[in-house]
Amino acid sequence: MSSNLLLAVYLLPTLVGLFIVSPFGGNLKSSLAERFPSLETARGQLLSGIQLISLAGFAVSTQTLWISSKISEGGSFCSSTSTFSCDDLLGNNKLNVDPVLGLSWGLIGMAVFALLLFIVFVLKQDHNHPLAERMISMGVLTTGIGILVVGLLVSYEIQEEKICLYCTTAHIANVAALVGFFRLRKLHEDSSEWNK
Amino acid sequence: MGKKEYKDSIHQGDNIETNTVNDPEAIIDAYERGKSASKGKKSDIKSSSKKESKATSKQNRSSRNKNSPYGNSQNVTKSNKSPVGSALIKVMSLFFIGIMIIAFTANPISVGTSEGQRAPDIEGKFYNGSGWSEFDFGSYFNTSWQEGDVSGQWVVIEFMDTDCPYCQTSAEEYGQFANTFSVNNPEWNGAHVNFLASATELSIQGHDSDRAEIEKFRSDYSHSFPYIDDIDQDNMEEWGIPGTPNYFLIQPDGIIAWSSSEHTDEKVSDAIVRLVPRESA
Chain A
1 MSSNLLLAVY LLPTLVGLFI VSPFGGNLKS SLAERFPSLE TARGQLLSGI
51 QLISLAGFAV STQTLWISSK ISEGGSFCSS TSTFSCDDLL GNNKLNVDPV
101 LGLSWGLIGM AVFALLLFIV FVLKQDHNHP LAERMISMGV LTTGIGILVV
151 GLLVSYEIQE EKICLYCTTA HIANVAALVG FFRLRKLHED SSEWNK
Chain B
197 MGKKEYKDSI HQGDNIETNT VNDPEAIIDA YERGKSASKG KKSDIKSSSK
247 KESKATSKQN RSSRNKNSPY GNSQNVTKSN KSPVGSALIK VMSLFFIGIM
297 IIAFTANPIS VGTSEGQRAP DIEGKFYNGS GWSEFDFGSY FNTSWQEGDV
347 SGQWVVIEFM DTDCPYCQTS AEEYGQFANT FSVNNPEWNG AHVNFLASAT
397 ELSIQGHDSD RAEIEKFRSD YSHSFPYIDD IDQDNMEEWG IPGTPNYFLI
447 QPDGIIAWSS SEHTDEKVSD AIVRLVPRES A
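Protein chains in written order, with my numbering: chain A, 1 to 196; chain B, 197 to 477.
Looking at chain B on its own, in the form it has when it is part of the complex (with noise of 0.2 Å):
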C-alpha cells in the first residue's frame, strides 16, 4: 500500500483505504484498534499485519452477527454502556421518587423555638400549690386542632428567674394576664389560655433558688398557674433561651404562634388579643 500505518488512537481513521471508506466494516475495524490502541495494546497491533487485523475483525463481528438480532454498530454501543452509570441512573432515580412522594405528601413541621415550629418538650416537676408532681407538656395539645377553632386551649409559658429583677416587675402584670384570658373571665369571648411558668436559676452571682423559693415567690405574687422547676436550666437549654424573662404563646395543636424574642415590641396580652381567637371574631 505504500501507505503510513498509524498506531495512536486518533489517527485510526486515516488508516482507512481511500475506496473503502464508505464500507461500515471499515469504519468499525478502525475504531475498534483505535480503542485497542488507547488501552495501551500497541505491541499487538504492532504485531500483527493490518491484513490479518482486519480478517480477524471481520471473523469476530461475523460470529457476533450470528449470535445477536442485532447489526454491528448496536453490539459496539451495547458493549460501552457502563454498568456503574446504568446502575446509578436506575438507583438515583429510585431514590429521586421516593422523596417526591414524601415532598408531596408530606408537610414536615420542625421542633424549636422560631415561630410556625413545633415547640419542644418541657420536662421536671410542677407546682400546682398543693405539691410537686411530673409535668406533662404534652397533654396540653391536641394535635388535630384546626385553626380558628376557639374550643382549643392556647398556652403562654414564661421563662423566669425568681432572682431576675424584671421577672419580680412583670410578675403582678403577668398573673393579671392569666385571670383576664380565662374561660373563667366573663369578660374575655376568646378560647382559654392556659399560663405557665418554668422558674430556672440563673448562672449570676446572688441567683440562689430552690423549690422553696419558688413556692414562695408564687405565692407572694398570688399566681394560680403551675411553676415548673428547672433549676438545672434543663428546658432554658432545650429552648435556647438568652435571658428571663422570656414568653412564648403556643397554639393549641403545640406550635409556637409568638414568642417575645421575635417581638421585643409587643408584650404577650397583645400578642393573645390578637392571635386567640374569639367567639365574636
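So that you can see chain A by itself, here it is in the shape it has in the complex (with noise of 0.2 Å):
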C-alpha cells in the first residue's frame, strides 16, 4: 500500500469526525440520520464525531509507533530529501520520545485516544453518567494539554525542517477531538438539549 493511500486512510476519518463536530456538522442530520439513528441529535452527532476521530487518532498513533520501531530496525519508510520525511523525525532517538519519561511519543498518542475513545463509549451508553460532566471536562482538559504536545513537536519539525505527515495527521486528530470534547460540554451544560 502506498504511503499517500495509508495516510488517507486515517486523514479523511478525521476531517469527517472534524465536519461532523464542528458547527457546520449540524447539515448532516438530514441526509445521514436516516442511515445513522445516532446521528439524529446533537449529543449523538458530537459522540459519532469524536468516536471517529478519536479511532482514527489512536490507528495513526500506533502507525507512528511501529515505524519508529522499524526505523529502528534499520528500515526505512518514508525517507527523503524533500521536506515531507517522517524517517528524520521518527528515526531520531532524541525527538521522538518525551523529554520527561522517555516515552514514545506514538505511545503516548495511543494511550490519550483509547482515553478519548474510553470517555465516548462511557457517554454513548449512558449519557447522564454519575461521571459524565467529569469525563467530559477530562477530554476537554487532555486535548488541551495535547495543544501544547503538538506545539512542542511542530517546533521539532520547524528544528529539523521535515515535515511528517503521519504526526500531522495525530496532530490534526487532537485539535478535532478538543473541537468535539468543546462542544459537547457547552451542550452538557443546556440539560433540555443533552437529554434529547
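No lab work stands behind these hints: they were computed from the structure. We put the beta carbon where it would ideally sit given N, CA and C, even for glycine. Treat the hints with caution; some may be incorrect.
Stated by the list, open to error - Below are the EDC-like pairs computed for lysine to aspartate or glutamate, each with C-alpha atoms no more than 16 Å apart in a straight line:
1) K94/A to E433/B
2) K94/A to D430/B
3) K321/B to D428/B
4) K321/B to E411/B
Unchecked claim - Residues from chain B that face chain A, not an exhaustive set, calculated with beta carbons under 7 Å:
5) V287
6) I298
7) P304
Now that you have both chains on their own, put them together as the hints suggest.
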C-alpha cells in the first residue's frame, strides 16, 4: 500500500469527524440521520464525530509507533530528501520520545486516544452517567494539554526542517477532538438539549 | 400474613410467600426491593405496603415487557451492565490489539552502548590530517547490511585521552590494527574495518588537552585515521564511558558487536578476527 493511500485512510476519517463535530456538522442531520440514527441528536452527532476522530487518531498513533520501531531495526519508510519525511523525525532517537519519561510519542498518542474513546463509549451507553461531566472535562483537559504537545512537536519539525505527515494527522485529530469535547461540554450545560 | 417483614437487602428473599417461591415475578420483586434497600431507600420501603409494592412492580414490569422484546430477567441484567466496565473492556482490547500488532511485526532496537544495541551518535569536529571538519558518524553505516556480507565496512572506535598513560601505551598497537584490518592490506581477506578515535579530556589534574595536542598525538603515533574532538566530554557522557581507553567494534548496520568493557580479557584485534566476516570463512 502506498504511503499516500495509507495516510488517506487515517486522514479522511479525521477530517470527516472534524466536520461532524464542527458547527457545520448539523447539515449532516437530514442526509445521514436515516442511515445513522445516532446522528439525529446533537449529542449523538458530537459523540459519533469524536469516536471517529479518536479511532483515526489511535490508528495513526499506532502507525507512528510501528514506524519508529521499524526504523530502529534499520528499515526505511518515508525517508526522502524533500520536506516530507517521517524517517528523519520518527527515527530521531532524541526527538521521538518525550523529554521527561522517555516514552515514545506514538505510545503516548495511543494512550490519549484510547482514553478519549473510553469517554465516548461510556457517554454513548449512559449519557447521564454520574461521572459524565467529569469525563467531558477530562476530555477537554487531555486534548487541551495535547495542544501544548503538538506545539512542541511542530517546533521539532521546524528545527529539523521536515514534516511528518503521519504525526501531522495525529495532531489534527487532537485539535478536532478538542473542538468536539469543547462543544460537548457546552451541550452538557444545557440539560434539555443533552437529554434529547 | 403475620409474618415478619425484613427491610434489609440480605433477607429480602425471606419476604417471599411460601406459595410464591417458584413464581419468577415474586423473586424479581424481592430482588428489586433488596436493591432499593441497599441503596439506602429504606424510608420508601417502609412507607409502602408489601401489596402496593408488588402491584407497582408488576405494573412496571408489564410496561417494560411491552416495550422490550426480551423478558424481565434480561432487562434486569441489562440495567446492571456497567457502562464504565464495558467501555474499559472495549478500549483495553483495542489498545492490546494495537500493541500486539506492533509486537508481532516489529523488533525495535534500542540505542545504547551494550552489545546488540544501536550505537549512539558521535558529534563534533574531526581531524583527518589536513584540518578540522564536521564529523558525520551516520555516514559509516548502512542499515540494510545483512549479517555475513563482507562488503560492509565495520567500525572500531576508541575513547581516549591524549594524557592518559594507558592510551599512550596502546596507541602504537592501535595504529597497527588500523593498518592490519584494512582492505589495503593484502593479507587481510575480511571486511574493511574503519578505525576512529574520540579524544577527550578526563577530569584529572594535569590532563589539559586541546586540538593542537590531539593533532600532535596523532602525528607522533603515525595514525592515519580520524580523531574526533570530544574535549567537552559530550560523546563520553552520551556513550557512558567510565574511563579510557575504551573500545567498541560496530557492525556495518550500526549495531554494537563487541565492547571492551564487556570483554575485559579479549583484545579488540581478537574480537575483529572473531567477529568480522572474511572471504574464506
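Taking 16 Å as the top limit, are the C-alpha atoms of K321/B and D428/B close enough? holds (12 Å)
Are the Cα atoms of K94/A and E433/B separated by 16 Å or less? holds (15 Å)
With the threshold set at 16 Å, check whether the alpha-carbon distance from K94/A to D430/B stays at or below it. holds (15 Å)
Status of the hint placing V287/B at chain A (closest C-beta pair under 7 Å): Nearest chain A Cβ about 4 Å off; hint holds.
Tell me if I298/B is really an interface residue toward chain A, meaning its C-beta lies closer than 7 Å to one of theirs. With a closest approach of 5 Å, the I298/B hint holds.
Given P304/B was flagged as interface, is its beta-carbon under 7 Å from a beta-carbon of chain A? Given a least distance of 4 Å, the restraint on P304/B holds.
Does the alpha-carbon distance linking K321/B and E411/B stay inside the 16 Å limit? Distance ~12 Å between K321/B and E411/B Cα, so the pair holds.
The structure agrees with every numbered hint stated previously.
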